[in-house]
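Got chain A; can you put chain B on it based on the hints?
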Amino acid sequence: KAGVTQTPRYLIKTRGQQVTLSCSPISGHRSVSWYQQTPGQGLQFLFEYFSETQRNKGNFPGRFSGRQFSNSRSEMNVSTLELGDSALYLCASSQDRDDSPLHFGNGTRLTVT
Amino acid sequence: KNEVEQSPQNLTAQEGEFITINCSYSVGISALHWLQQHPGGGIVSLFMLSSGKKKHGRLIATINIQEKHSSLHITASHPRDSAVYICAVAYNNNDMRFGAGTRLTVKP
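So the sequences go chain by chain: A and B. Note that the first sequence covers residues 1 to 113 in our numbering. Note that the second sequence covers residues 114 to 221 in our numbering.
To be clear, the hints were calculated from the coordinates, so they are not data collected in a lab. Remember, predicted model here, so these are calculated numbers, not experimental data. You can take every hint at face value.
When the alpha-carbon atoms are kept at most 35 angstroms apart in a straight line, the in silico DSBU-like pairs for lysine-lysine are as follows:
#, chain 1, residue 1, chain 2, residue 2
1, A, 57, B, 181
2, B, 181, B, 167
3, A, 57, B, 168
4, B, 220, B, 166
5, B, 168, B, 220
6, B, 167, A, 57
7, A, 57, B, 166
8, B, 181, B, 220
9, B, 166, B, 181
10, B, 167, B, 220
11, A, 57, A, 13
12, B, 181, B, 168
Chain A extracted, bound-state conformation (with noise of 0.2 angstroms):
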């Protein structure tokens, strides 16, 4: 089975602008979930998303938004970027069951000049 997938894995972006990044999830998983690592703030928790509908948010500005696909793949999207937004992005996938582990794909690196 392949695992999780996030594309790209560097981005670099100049502020004011608008990023999307994506992760495809393990096959039959249908919750996704999205967190930002940075050496100041550690690993936050973004949001999560089942079957095409955002179940959890975490503290951040509406800025972070996301969107998730029949097909469980699922986007997220930072607009007007700020020097603070460098990052990885990690995203992880499970079956949405009480035993089921986190699977997370190896993050996308953002850099913010």
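Chain B only, in chain A's frame:
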């Protein structure tokens, strides 16, 4: 105060040593995860616990729900165990809070 406290922050061990990493959390949770992150960013889920103890190879994870505490043990440590180990607590639907991580270095 962070919702999830890990200790120690950094740990250096000699190959073969027994290692313990601790995690404490402050509120009720649905599950606790132990994650391993190698240089380059990739994260692997080692354990997901809601009670008791789990073992996988040389790794053992325990959780005490009443005391809101979990430990990750590595027996017979090896240089390839060198990584950052992260404790994460889950509330609902993978809404998670993460510890700051423990950077483990195992020297040959």
